[in-house]
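Okay, here's what each chain looks like letter by letter:
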Amino acid sequence: MRDQLSYDDVVKNLQDLPSLPAVVMELLNSIEQEDIDIAVLAKKVSHDQALTAKTLRLANSSLYGLQVKVTTIQQAITYLGFQTTRNLITAAAVTGCFAEGACRGFDHKAFWRHSIATAACAKVLARHMRFNQDYAFTAGLLHDVGRLVLVSCFPERYADVIAYREAHDCTLLDAERTAMGIDHVDAGLALAEHWNFSDTMRLAIGGHHEPERPGAGFLATIIHVADAVVHALDLARQEDDLVPAVSTVAWQALALNEDTCLHLFRETELQFEEISMVLLS
Amino acid sequence: MSASFQHLTLSQVQPGMVLSDELLDVHGKVLLPQGTVLTAEMLALMPRHGIEALPIALAAQSPAEAAEERSRQLERIGYLFRLHDPDNGEDWAANSLRRLVTDYRTGKEEAA
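Sequence order for the protein chains is A and B.
One point on numbering: in our numbering, the residue at position 261 of the first sequence is 261, and numbering is uninterrupted.
All you need for our numbering is the position in the second sequence, starting with 1, plus 281.
Be careful, since some hints might not be right.
Stated by the list, open to error - Some residues of chain A that are not near chain B, with every Cβ distance over 12 Å (derived):
#1 R2
#2 Q49
#3 L51
#4 N60
#5 C103
#6 R113
#7 D160
#8 A163
#9 D183
#10 G217
What the hints assert, rightly or not - Per label pair, the in silico range of CB-to-CB distance:
#11 R104/A to Y360/B: 21 to 31 Å
#12 G65/A to A325/B: 15 to 25 Å
#13 P155/A to A325/B: 26 to 36 Å
#14 W373/B to E100/A: 19 to 29 Å
#15 E371/B to Q83/A: 34 to 44 Å
FYI, nobody ran anything at the bench for these hints, they're computed from the structure.
If you're wondering where the values come from, they're calculated on a predicted model, not measured in any experiment.
Even for Gly, the Cβ is constructed at its ideal location relative to N, Cα and C.
For reference, chain A alone in the conformation it holds in the complex:
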């Protein structure tokens, strides 16, 4: 077995990662700011045509049930609110940010299918729990982003992780810890720091495999359950997919009955189809 990697090794390599468009960084950094000039931001986003087009297609999808078709970022903000629009811009930007094919055996498309499905499921769960749906969507989309950090910074080491997982048929998380010494949770936290994610988002990324840990926050519980549901529904369409450990504490906290689940599964599959059509096209 080769040297184990540490958190610092990851941090040192973050500089080499692709950067998000400047305006997206600005949006992420302004998450708790009240006094930002929305008109200026909307204008900056509009200069990136691909980003604008993707964002507007998301805004016009049945996810939001808008009765008018929005045609500008400013309009999207008017109808959907600043929070929601910001999250859509982030989603559109992040899904196009990491290069494909750097690491042998890593299925980029399956990664994003899983992340998008988790975002959709988390959003439906959040609505059910009367929790902020925008936070849930974005956290669901980014909960495993540390995996892309590891794949991009250490492609050869990650190929070892994938080989180890196949040989032992364990979870990818366990394979990362054993074959690499660092997992996608810590790598995600490093990136969250680097990209200035809000505390809410950091907690969700850091706690999505251990939602019962004190201080993990309710969003971690939502993401944990959404992640398990999406694996169980087989939405990533990955041949060797598996359902990871499901926290009884988290499961109980959401108190899902049969009817709620039936609705949750259906709604997740529907929204997943629609969002992936926009984000993965």
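Add chain B to chain A, keeping to what the hints say.
Okay, now just chain B, sitting in the frame of chain A:
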């Protein structure tokens, strides 16, 4: 039943296909009832209602095909849950999820 329909984008839908569910517009009004045989005229109007995908009924299955599909689903669910022991009482959360997904995929009355 979830196993008997699939969502197709407008470009994949052909005239003659059958709606597996009633179709609502963005206001929640019923546009077309369940079981409608879609015509080219209807499909041409969909974009105007902001509809990009439709739930399409799959061709009726023979009992043998249905049984085969059901055992394929059960096998896949069993494989996905391979790290979980259905008899392990402490793993009840995963096992609840497994039961719910099984009901969802194969239909409740048959799974009971």
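A quick look at each hint next to the structure:
| no. | hint | verdict |
| --- | --- | --- |
| 1 | R2 | 26 Å, holds |
| 2 | Q49 | 21 Å, holds |
| 3 | L51 | 21 Å, holds |
| 4 | N60 | 7 Å, violated |
| 5 | C103 | 24 Å, holds |
| 6 | R113 | 15 Å, holds |
| 7 | D160 | 21 Å, holds |
| 8 | A163 | 19 Å, holds |
| 9 | D183 | 17 Å, holds |
| 10 | G217 | 19 Å, holds |
| 11 | R104/A to Y360/B: 21 to 31 Å | 24 Å, holds |
| 12 | G65/A to A325/B: 15 to 25 Å | 23 Å, holds |
| 13 | P155/A to A325/B: 26 to 36 Å | 48 Å, violated |
| 14 | W373/B to E100/A: 19 to 29 Å | 39 Å, violated |
| 15 | E371/B to Q83/A: 34 to 44 Å | 39 Å, holds |
In summary, the structure is inconsistent with hints 4, 13 and 14 from the numbered list given earlier, while agreeing with the others.
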